[in-house]
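Produce the complete structure using the sequences and hints provided.
Going down the list, the protein sequences come from chains Z and P. Counting in the numbering used here, the first sequence tops out at residue 431, every number present. Counting in the numbering used here, the second sequence tops out at residue 431, every number present.
Derived by calculation from the structure, the hints in this document are not laboratory data. Incorrect hints may appear among the rest.
If several chains are the same, the list does not tell them apart, and a pair holds so long as it fits within one copy or across any two.
Stated by the list, open to error - The list that follows gives simulated cross-link-like pairs (lysine-lysine, BS3-like), each with its CA atoms no further than 30 angstroms apart:
| no. | residue 1 | residue 2 |
| --- | --- | --- |
| 1 | 323 | 311 |
| 2 | 64 | 311 |
| 3 | 64 | 323 |
| 4 | 64 | 233 |
| 5 | 311 | 60 |
Given next are the chains, with one letter for each unit.
Number of protein chains: 2
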Amino acid sequence: MEPFELTATAALRALHDGTLTAEALTRSCLGRIADREPAVRAFVFLDAALAIGQAREVDKACGKGALHGMPIGIKDMIDTADMPTTHNSPIYQGHRPGQDAACVAISRAEGAVIMGKTDTLEFAAGGRRARTSNPEDETRTPGGSSSGSAAAVAAGMVPLAYGTQTGGSTIRPASFCGAYAMKPTHGVVSTQGFKRYSHTLDTIGWYARAPEDLALPARAFRLWGMEEAPAPKPLAALRIAVVEGPNWTRAEDSARQALHLAADRLRRAGARVEPLALPPPFDSITAAQRTIMRSEGRGAFLAEYLLHHAKLHAEFRDTVENKTGIAARDLVAAHDLAAECRRLLDALFPELDAVLTPSAIGEAPVGLQNNGDPVFNAMWTLLHVPCIAIPCHRGPNGMPVGVQIVGPRYGDAALLAVAQAIGPVIDAGAG
Amino acid sequence: MEPFELTATAALRALHDGTLTAEALTRSCLGRIADREPAVRAFVFLDAALAIGQAREVDKACGKGALHGMPIGIKDMIDTADMPTTHNSPIYQGHRPGQDAACVAISRAEGAVIMGKTDTLEFAAGGRRARTSNPEDETRTPGGSSSGSAAAVAAGMVPLAYGTQTGGSTIRPASFCGAYAMKPTHGVVSTQGFKRYSHTLDTIGWYARAPEDLALPARAFRLWGMEEAPAPKPLAALRIAVVEGPNWTRAEDSARQALHLAADRLRRAGARVEPLALPPPFDSITAAQRTIMRSEGRGAFLAEYLLHHAKLHAEFRDTVENKTGIAARDLVAAHDLAAECRRLLDALFPELDAVLTPSAIGEAPVGLQNNGDPVFNAMWTLLHVPCIAIPCHRGPNGMPVGVQIVGPRYGDAALLAVAQAIGPVIDAGAG
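As structure tokens, this is what we get:
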């Protein structure tokens with residue numbers, strides 16, 4: 001087995017044992033990138049010498065952090081001190097912020113090798129699409145906006161990569177590419193140094209190829225409860241609620257099948273799996289997410305609107321001009337509805353260990369323009385709850401279709417333990 | 001009258017008429033700074049040539065923006081492309097972010113002259129104090145954390161300055177220095193490019209010497225409703241609720257007098273002024289603000305904690321280590337209580353035009369170490385509502401003591417109109 005094929009957890013173990021060096025792992029990943037990048041185009045910036053230099057420093061370091069020697073891809077709207085950050089925007093071509101975003105700085109402090117910058121939708125929001133292809137089918141999108149990070153991990157180029165989620169930008173691409181991903185509880189990991197879209201929604205997320213790998217960044221970022229590292233419960237002790245949710249009619253057959261398959265596999269493995277209908281306030285929660293996202297986008301892109309009008313994609317100019325005509329009372333209602341639904345959802349726990357729900361409407365669409373619909377992600381982002389994407393089966397075109405599990409706010413550590421227990425059961429391709 | 005003595009509104013009018021140039025106003029402010037800075041120490045970075053150069057560019061520009069020719073002081077935790085940003089932290093001495101924060105970029109686009117960087121508490125949060133003195137009494141604090149911005153405006157050095165508020169960092173210093181200030185609704189002005197402390201709370205704010213001046217940045221930042229610019233209501237049509245609030249027992253006599261005086265003056269001027277008792281959920285709202293601020297501080301200072309441990313003030317290390325032992329359930333309860341109180345408060349409007357409430361517990365304390373207590377500000381910051389500080393009278397030591405008015409979320413434009421109507425009535429020093 002080549003080092004690039006190891007899960008992050010297996011690689012970390014070998015790095016701690018001394019049977020693998022950060023340099024060897026980084027070189028192996030660079031080799032894999034050289035093979036796959038012409039087809040996948042996950043990276044917009046990659047400097048092999050820079051990555052190897054970092055790996056050598058890590059190998060010389062005394063301590064071994066939570067991400068010791070891990071090559072990590074960084075979505076190109078997150079600032080990096082030693083690489084450009086372009087936001088896939090003509091305004092920021094060649095832009096060098098000269099400073100690491102908090103999540104990058106923390107990762108370096110924990111021993112990570114910052115591998116390169118991965119392609120993204122313009123400002124992780126809309127406008128220009130990433131050039132990245134789905135590693136499973138070059139003619140299809142990996143999803144967006146964290147296109148390059150999802151594809152890089154799924155293609156084996158890096159064991160971990162960071163994305164962000166404001167609507168469905170982390171979890172949906174994981175479903176499309178057959179990767180695992182985590183969007184933690186909102187507001188715990190600092191968003192310092194990444195381009196803001198909506199402060200109520202913007203959340204960092206990360207990709208991996210095994211459920212246990214998702215705990216590595218969670219530990220580095222000190223998510224709530226990670227210091228106790230809850231042990232995985234036996235499957236028979238797990239109580240899972242299957243939530244079709246207010247957008248179920250939008251699910252294609254392959255997404256419906258994924259949810260049913262995942263539920264069946266869990267039941268057969270001994271878990272208590274029951275359907276759960278969300279109460280009526282949830283019917284409007286998807287619209288509330290859009291209202292808040294667009295309203296906060298007004299302020300987020302105002303500087304670019306004023307200073308670089310012609311270079312700012314029309315979608316963002318429309319946002320700043322409030323073309324959809326959102327009124328202040330709509331925004332108040334959206335915030336208040338979100339608060340009510342957060343309370344209602346949390347009240348379901350601890351009778352439950354997790355909610356099981358779709359992660360995308362179906363397989364990855366053909367072409368790179370349509371990044372897929374975030375309708376199964378937006379509400380959870382607004383609810384601020386932790387979400388973990390788990391691969392499940394393949395659709396009619398042979399493309400991956402996943403599901404996601406959701407926990408209560410700040411229940412990240414327990415949800416990671418659930419993912420570790422049920423990931424191998426749900427994921428048909430696992431083992 | 002020297003140009004530096006003009007209110008921002010009067011200066012803007014003269015700049016639009018062509019009877020004043022940005023360069024002349026900037027030079028006049030620089031003269032005032034030269035006179036007062038040795039005693040006040042508001043600025044940590046000031047380059048006269050850089051300011052004059054900007055002013056000359058503004059004078060040559062074709063259009064005239066909302067802040068045309070306005071010299072503005074910027075709190076030194078807000079990034080500026082052409083000046084250092086030190087956060088008053090040993091970690092960031094000489095740090096040059098090389099990029100403007102969104103609020104600075106927007107202000108430049110609207111014609112502002114970025115005058116210099118004003119002193120702040122370390123990371124606008126705690127630790128090291130600003131060196132700034134209260135312009136009214138060198139032996140006293142101007143308040144914090146926006147110490148330099150409040151003092152610079154109160155001392156006539158600049159007509160406008162930007163601060164931030166996470167607890168009471170904008171409104172309290174205004175009260176201590178006898179200035180006007182506005183903390184707008186949370187989340188409308190982008191926080192991109194300033195050091196985060198608590199994303200739920202961090203809000204930009206600004207200082208001025210007249211209530212109408214507060215509308216200038218509000219217009220530049222496109223606060224909700226500013227495009228319609230609501231006309232001031234006649235005083236007799238205003239309905240004001242006097243709220244002592246859950247922390248009234250903490251108010252010193254001078255703050256109690258300020259609230260009573262302000263209410264009496266409004267009544268005599270014809271406004272309908274009635275006391276209002278907040279319902280019981282508000283009793284815990286101040287504690288909820290502390291819980292959220294400290295919890296979000298864990299992530300905000302984690303990068304500095306890991307990379308610059310010894311240079312990070314012990315207060316921040318304690319925050320990252322969660323020394324106060326906040327549990328996830330406390331944080332959930334705090335968020336849910338805040339959401340409930342936001343809804344309850346908003347329901348009081350539109351039966352009301354504004355809430356009138358204390359802005360500080362009393363006069364500015366002696367010494368630069370004690371920056372004053374944010375107890376009359378923290379709850380409003382958490383409630384996300386717009387707040388405007390209005391000077392009122394002088395306490396037993398001759399120091400200014402103000403009040404504040406509060407509106408519903410996104411009711412910034414209407415609250416500015418109220419401030420314009422009632423500011424001259426409440427402010428004994430006005431006219």
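Hint check:
{"no.": "1", "hint": "323 / 311", "result": "within (19 angstroms within a copy, 47 angstroms between copies)"}
{"no.": "2", "hint": "64 / 311", "result": "between (44 angstroms within a copy, 22 angstroms between copies)"}
{"no.": "3", "hint": "64 / 323", "result": "between (51 angstroms within a copy, 25 angstroms between copies)"}
{"no.": "4", "hint": "64 / 233", "result": "within (28 angstroms within a copy, 65 angstroms between copies)"}
{"no.": "5", "hint": "311 / 60", "result": "between (44 angstroms within a copy, 24 angstroms between copies)"}
The structure fails none of the hints (numbered hints given earlier).
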